[in-house]
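Chains as they are written, first to last, in my numbering: chain V, 13 to 311; chain D, 13 to 311; chain U, 13 to 311; chain B, 13 to 311.
One should not assume that every hint holds.
Copies of the same chain look alike in the list, so a pair counts if it works inside one copy or between any two.
[Stated by the list, open to error] Using 20 Å as the maximum straight-line C-alpha spacing, the simulated EDC-like pairs for lysine to aspartate or glutamate come out as follows:
1) Lys283 to Glu160
2) Lys220 to Asp249
3) Lys108 to Glu137
4) Lys218 to Asp295
5) Lys258 to Glu291
6) Lys218 to Glu241
7) Lys108 to Asp227
8) Lys124 to Asp134
9) Lys220 to Glu291
10) Lys67 to Glu94
11) Lys199 to Glu303
12) Lys85 to Asp221
13) Lys51 to Asp227
No lab work stands behind these hints, which were simulated from the structure alone. Predicted model only: the values in this text are computed from it and were never measured.
Protein chains: 4
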Amino acid sequence: MIHDKALQIAVIGGDLRQAHLANKLAQDGFAVSALCLEKDVYLGDEVQLGENAKKVIGTSDVIILPLPVTTDKVTVNAPFSEHKISVREVLSSAKKGALILGGMIDIDMQTKGEQLGLTLIDYLEREELAVLNAVPTSEGAVAIAMRERSSTIFGSTCMITGYGRISKVLARMLLAMGARVIVAARKHSDLAWAKINGCVAIPISKIKDYTSQVDILFNTVPAMILDEEILSSLSHDCLVIDLASKPGGVDFEMAKNLQIKTIWALSLPGKVAPISAGEMIKDTVLNILAERGITIGPN
Amino acid sequence: MIHDKALQIAVIGGDLRQAHLANKLAQDGFAVSALCLEKDVYLGDEVQLGENAKKVIGTSDVIILPLPVTTDKVTVNAPFSEHKISVREVLSSAKKGALILGGMIDIDMQTKGEQLGLTLIDYLEREELAVLNAVPTSEGAVAIAMRERSSTIFGSTCMITGYGRISKVLARMLLAMGARVIVAARKHSDLAWAKINGCVAIPISKIKDYTSQVDILFNTVPAMILDEEILSSLSHDCLVIDLASKPGGVDFEMAKNLQIKTIWALSLPGKVAPISAGEMIKDTVLNILAERGITIGPN
Amino acid sequence: MIHDKALQIAVIGGDLRQAHLANKLAQDGFAVSALCLEKDVYLGDEVQLGENAKKVIGTSDVIILPLPVTTDKVTVNAPFSEHKISVREVLSSAKKGALILGGMIDIDMQTKGEQLGLTLIDYLEREELAVLNAVPTSEGAVAIAMRERSSTIFGSTCMITGYGRISKVLARMLLAMGARVIVAARKHSDLAWAKINGCVAIPISKIKDYTSQVDILFNTVPAMILDEEILSSLSHDCLVIDLASKPGGVDFEMAKNLQIKTIWALSLPGKVAPISAGEMIKDTVLNILAERGITIGPN
Amino acid sequence: MIHDKALQIAVIGGDLRQAHLANKLAQDGFAVSALCLEKDVYLGDEVQLGENAKKVIGTSDVIILPLPVTTDKVTVNAPFSEHKISVREVLSSAKKGALILGGMIDIDMQTKGEQLGLTLIDYLEREELAVLNAVPTSEGAVAIAMRERSSTIFGSTCMITGYGRISKVLARMLLAMGARVIVAARKHSDLAWAKINGCVAIPISKIKDYTSQVDILFNTVPAMILDEEILSSLSHDCLVIDLASKPGGVDFEMAKNLQIKTIWALSLPGKVAPISAGEMIKDTVLNILAERGITIGPN
Numbered sequence: 013m014i015h016d017k018a019l020q021i022a023v024i025g026g027d028l029r030q031a032h033l034a035n036k037l038a039q040d041g042f043a044v045s046a047l048c049l050e051k052d053v054y055l056g057d058e059v060q061l062g063e064n065a066k067k068v069i070g071t072s073d074v075i076i077l078p079l080p081v082t083t084d085k086v087t088v089n090a091p092f093s094e095h096k097i098s099v100r101e102v103l104s105s106a107k108k109g110a111l112i113l114g115g116m117i118d119i120d121m122q123t124k125g126e127q128l129g130l131t132l133i134d135y136l137e138r139e140e141l142a143v144l145n146a147v148p149t150s151e152g153a154v155a156i157a158m159r160e161r162s163s164t165i166f167g168s169t170c171m172i173t174g175y176g177r178i179s180k181v182l183a184r185m186l187l188a189m190g191a192r193v194i195v196a197a198r199k200h201s202d203l204a205w206a207k208i209n210g211c212v213a214i215p216i217s218k219i220k221d222y223t224s225q226v227d228i229l230f231n232t233v234p235a236m237i238l239d240e241e242i243l244s245s246l247s248h249d250c251l252v253i254d255l256a257s258k259p260g261g262v263d264f265e266m267a268k269n270l271q272i273k274t275i276w277a278l279s280l281p282g283k284v285a286p287i288s289a290g291e292m293i294k295d296t297v298l299n300i301l302a303e304r305g306i307t308i309g310p311n
Numbered sequence: 013m014i015h016d017k018a019l020q021i022a023v024i025g026g027d028l029r030q031a032h033l034a035n036k037l038a039q040d041g042f043a044v045s046a047l048c049l050e051k052d053v054y055l056g057d058e059v060q061l062g063e064n065a066k067k068v069i070g071t072s073d074v075i076i077l078p079l080p081v082t083t084d085k086v087t088v089n090a091p092f093s094e095h096k097i098s099v100r101e102v103l104s105s106a107k108k109g110a111l112i113l114g115g116m117i118d119i120d121m122q123t124k125g126e127q128l129g130l131t132l133i134d135y136l137e138r139e140e141l142a143v144l145n146a147v148p149t150s151e152g153a154v155a156i157a158m159r160e161r162s163s164t165i166f167g168s169t170c171m172i173t174g175y176g177r178i179s180k181v182l183a184r185m186l187l188a189m190g191a192r193v194i195v196a197a198r199k200h201s202d203l204a205w206a207k208i209n210g211c212v213a214i215p216i217s218k219i220k221d222y223t224s225q226v227d228i229l230f231n232t233v234p235a236m237i238l239d240e241e242i243l244s245s246l247s248h249d250c251l252v253i254d255l256a257s258k259p260g261g262v263d264f265e266m267a268k269n270l271q272i273k274t275i276w277a278l279s280l281p282g283k284v285a286p287i288s289a290g291e292m293i294k295d296t297v298l299n300i301l302a303e304r305g306i307t308i309g310p311n
Numbered sequence: 013m014i015h016d017k018a019l020q021i022a023v024i025g026g027d028l029r030q031a032h033l034a035n036k037l038a039q040d041g042f043a044v045s046a047l048c049l050e051k052d053v054y055l056g057d058e059v060q061l062g063e064n065a066k067k068v069i070g071t072s073d074v075i076i077l078p079l080p081v082t083t084d085k086v087t088v089n090a091p092f093s094e095h096k097i098s099v100r101e102v103l104s105s106a107k108k109g110a111l112i113l114g115g116m117i118d119i120d121m122q123t124k125g126e127q128l129g130l131t132l133i134d135y136l137e138r139e140e141l142a143v144l145n146a147v148p149t150s151e152g153a154v155a156i157a158m159r160e161r162s163s164t165i166f167g168s169t170c171m172i173t174g175y176g177r178i179s180k181v182l183a184r185m186l187l188a189m190g191a192r193v194i195v196a197a198r199k200h201s202d203l204a205w206a207k208i209n210g211c212v213a214i215p216i217s218k219i220k221d222y223t224s225q226v227d228i229l230f231n232t233v234p235a236m237i238l239d240e241e242i243l244s245s246l247s248h249d250c251l252v253i254d255l256a257s258k259p260g261g262v263d264f265e266m267a268k269n270l271q272i273k274t275i276w277a278l279s280l281p282g283k284v285a286p287i288s289a290g291e292m293i294k295d296t297v298l299n300i301l302a303e304r305g306i307t308i309g310p311n
Numbered sequence: 013m014i015h016d017k018a019l020q021i022a023v024i025g026g027d028l029r030q031a032h033l034a035n036k037l038a039q040d041g042f043a044v045s046a047l048c049l050e051k052d053v054y055l056g057d058e059v060q061l062g063e064n065a066k067k068v069i070g071t072s073d074v075i076i077l078p079l080p081v082t083t084d085k086v087t088v089n090a091p092f093s094e095h096k097i098s099v100r101e102v103l104s105s106a107k108k109g110a111l112i113l114g115g116m117i118d119i120d121m122q123t124k125g126e127q128l129g130l131t132l133i134d135y136l137e138r139e140e141l142a143v144l145n146a147v148p149t150s151e152g153a154v155a156i157a158m159r160e161r162s163s164t165i166f167g168s169t170c171m172i173t174g175y176g177r178i179s180k181v182l183a184r185m186l187l188a189m190g191a192r193v194i195v196a197a198r199k200h201s202d203l204a205w206a207k208i209n210g211c212v213a214i215p216i217s218k219i220k221d222y223t224s225q226v227d228i229l230f231n232t233v234p235a236m237i238l239d240e241e242i243l244s245s246l247s248h249d250c251l252v253i254d255l256a257s258k259p260g261g262v263d264f265e266m267a268k269n270l271q272i273k274t275i276w277a278l279s280l281p282g283k284v285a286p287i288s289a290g291e292m293i294k295d296t297v298l299n300i301l302a303e304r305g306i307t308i309g310p311n
């Protein structure tokens with residue numbers, strides 16, 4: 013294990029999460045420079061504000077790009093900056109052997125980077141980050157449910173489709189708040205877990221037998237599960253919150269026709285808890301570094 | 013026990029809570045008339061819309077006034093109505109022996125009513141309603157904390173002053189969401205309970221030893237506890253949520269000077285969960301009626 | 013607050029709890045002597061073994077007697093000793109102004125002590141000790157249920173009568189293990205709490221409507237609640253655990269006739285967790301001393 | 013889906029679990045015959061006692077063998093019977109196309125059965141049964157900890173090695189009882205889950221930094237983790253409970269030398285909760301049947 017205070021890290025672009033990540037890495041003792049993060053974000057004194065982007069990038073051992081790396085396939089995603097820097101420029105300015113970390117690195121970028129002798133790692137594909145992200149996602153979902161309804165979570169009947177990471181954390185939270193939680197899932201082992209964890213566990217094929225009792229329906233399955241048949245069976249004041257990434261799992265058009273209030277809540281971690289989300293990315297980055305023998309401090 | 017379907021109940025004024033109460037009592041089989049509740053609220057078909065207020069009041073066995081009964085000491089509090097009816101009129105129109113229920117009945121009204129041969133009961137003084145109200149209050153407090161901060165409740169350090177009804181429910185909720193909860197209370201037995209329930213329990217005199225670690229401080233004690241000394245010891249991004257009724261427990265002026273974000277959250281149940289709050293009032297009203305031998309249905 | 017390392021404490025008689033108490037007080041920095049505790053118990057090096065009982069008692073500022081102080085109304089309860097010392101002798105040997113602490117001090121002893129210029133305090137009457145004792149009692153009750161049955165607590169239906177200290181802790185434990193918990197209580201506010209805490213809450217008058225579903229019935233009410241009528245309504249393999257102090261709340265004779273397995277579990281803390289029980293008495297003793305201005309160490 | 017009341021099921025040998033399974037399947041409406049289960053077990057009236065083993069086996073559509081199927085590789089494991097029947101005999105008497113279910117079917121039996129045109133399924137390899145078994149295992153582990161120690165689980169520090177099925181359930185139970193739980197695991201994602209679920213999560217390589225604080229150490233990893241170095245670092249009154257199947261994860265010889273109390277708790281479900289364990293096998297059997305289109309009743 014290398015204890016390497018001289019390790020140079022560049023943090024480029026991104027939002028509050030990325031700024032918090034920069035601050036935290038600097039507090040941990042790394043030499044951190046920030047680029048494209050100069051507007052409306054708080055950066056601590058320990059973080060160097062990079063003046064010369066090319067030089068900063070060229071001298072960094074590790075370059076951390078935001079989540080997502082880019083929204084236009086050309087420039088680094090940098091909503092808190094007036095500067096623009098292209099992904100291509102970052103790659104070509106990086107020194108050979110540098111480690112490039114980012115969220116949602118596409119295949120083109122991956123190929124290009126490797127041709128230049130760089131190592132690219134998509135931290136969003138790390139299982140531990142996906143697990144940790146379930147926490148702000150669940151809190152955000154609960155906050156939406158609280159905001160949109162005139163009743164307490166306590167005493168409500170919630171249904172959750174799927175029993176993956178988000179469902180597990182969300183179910184636990186709702187149960188602890190006094191809701192009755194029905195989990196609809198396919199696999200027998202998932203249903204066994206849901207039952208052990210205090211939920212009513214039903215096969216996904218039986219959803220319709222339970223929908224009339226449901227006050228809040230959280231979907232986590234990215235497939236069209238909540239179709240006309242299911243939506244029509246809901247009570248008129250049921251709230252539907254779709255947490256599944258695109259294409260989602262709700263027939264939104266149909267829900268609108270049926271006057272079922274439906275909210276498609278995407279990318280909650282960055283929206284409801286950017287500080288915590290930044291902290292989680294930082295922990296994941298540290299894990300990636302530690303696996304490569306790079307570590308700081310006594311832990 | 014009297015099973016009395018013919019019992020006449022008048023529900024007068026109030027907000028969504030009172031409307032929900034009317035609906036629920038009617039669904040339970042009581043004969044319910046509503047007065048001063050005609051605007052922007054949903055009343056079910058089972059509820060009679062009282063046309064002639066005097067007649068409705070004069071023929072009712074039980075009259076349910078809102079919470080609070082009045083905000084101007086003269087008229088019944090009726091934000092969802094264009095009609096006005098005075099408290100005095102209600103009392104003088106009621107038939108002898110009628111039961112008048114309301115929230116926050118003052119001493120004048122009590123005396124006046126009793127002189128007229130009426131029985132007046134303040135449902136807000138019922139212990140079970142105070143207990144039940146702790147649920148929407150706690151959910152509302154958590155919702156505020158989620159909305160105002162950029163971090164998750166999970167992983168945060170929360171301090172709660174006092175260990176009464178609200179604190180107990182709130183602490184349980186925060187713990188279940190993964191917060192560390194410090195309870196500051198006076199009585200040894202309260203501290204013993206807080207410890208058993210999973211909190212860090214500290215005497216109220218030691219608050220200052222812990223404040224620097226606190227991310228969210230919930231006050232439930234209606235006395236000036238959070239004074240300059242305590243407020244100055246908080247970290248700059250600590251959020252203070254005061255749940256104590258007037259005069260509150262925070263030196264708000266000082267908090268403002270110190271740039272400590274402070275929210276005084278009063279009357280949360282009616283704001284965040286009027287349906288549930290109405291349900292709770294209904295349960296309490298049913299308890300009051302049952303104690304007087306009036307009951308409906310198989311339970 | 014007096015920081016008084018020279019304070020002399022005598023710990024007399026008792027069982028493992030009392031021995032643990034002596035050890036802990038000595039570790040906290042008090043000068044502790046033990047009497048009538050020489051057999052089969054572990055006393056640390058910091059505890060003085062009193063040779064001359066009269067001298068030890070006569071020079072002590074605080075004298076801690078066991079729980080209960082006596083079982084025969086004459087001698088101090090000392091199962092781990094071959095020596096006998098009478099309560100009367102302890103009182104008459106104590107120096108004027110000494111503080112005598114004990115569990116279950118009777119009125120005669122209280123009077124006699126006060127006549128001799130002593131201050132007697134029954135620590136068992138301290139609310140915080142009663143609260144803390146609910147933990148080992150509940151764990152002991154769960155352990156009995158596990159040992160006596162061939163099914164898991166998970167998935168079982170438990171009924172608890174009463175909703176005092178033990179019930180609150182026990183209910184929480186059972187719920188967390190996945191049981192369905194029915195609480196039968198009298199007061200509306202207790203029922204409100206039970207409901208908030210995740211239990212099915214029923215008035216005590218309705219017990220019989222639920223008994224046929226019950227797998228384990230825990231009684232905490234010290235009055236004959238489980239009479240022939242209730243016992244006859246239980247399923248034949250229901251387990252009854254009576255946690256109420258004498259006279260208990262079960263018609264044991266009738267239960268035997270009906271072949272209902274019934275266990276009267278008394279004084280669980282000292283039996284199932286003497287170390288923890290001793291720790292709790294110690295904490296309570298420290299609270300008593302602190303209220304009198306006697307304290308040791310930084311807390 | 014076939015609703016087939018005429019389906020013939022033979023339940024052969026085994027212990028209380030198998031007897032409970034027979035009763036439950038009969039209550040569900042299947043035609044159930046029991047063999048080798050005539051001593052000291054309760055079989056309901058709905059279960060046929062097979063007189064002629066050969067005939068019962070030859071006419072059954074489904075044959076359920078115990079867990080484990082055999083302990084001597086020759087006869088069916090039947091501790092509650094004076095009859096002996098060989099596994100070979102069962103297979104050769106079964107009718108072609110019959111479904112044979114059993115726990116721990118070895119490769120020889122599998123091959124032999126298939127040659128005879130039978131379908132053999134080992135229900136112990138079903139993920140849902142493994143998940144459900146974690147509940148009685150965890151309750152049994154907690155019961156051992158309660159029985160062997162003089163302190164409460166509340167307030168104790170527990171360490172669990174590994175974060176698989178048993179650990180997840182056990183950790184939740186201990187946390188709910190008020191223990192501090194340290195989980196030592198290898199994978200970053202397991203550590204993330206442990207942290208989310210309220211545990212202190214540490215890499216397995218850091219165990220030794222925490223062992224001195226541990227009161228109860230539960231091992232779930234079937235590899236020699238608790239070697240001399242770790243065992244020597246434990247406090248002298250730490251209790252070690254090994255829940256890992258053979259070869260276990262503790263150097264028992266060394267633990268004995270170091271006078272560390274160590275309990276190797278194997279096969280807890282059948283021991284501590286045979287009724288529940290039988291219920292779980294039944295649920296799994298029903299899943300297996302349902303997947304083959306065989307079902308009974310409205311669910």
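Unmet hints by their number, sorted upward, for this structure: 3, 5, 7, 9, 12, 13
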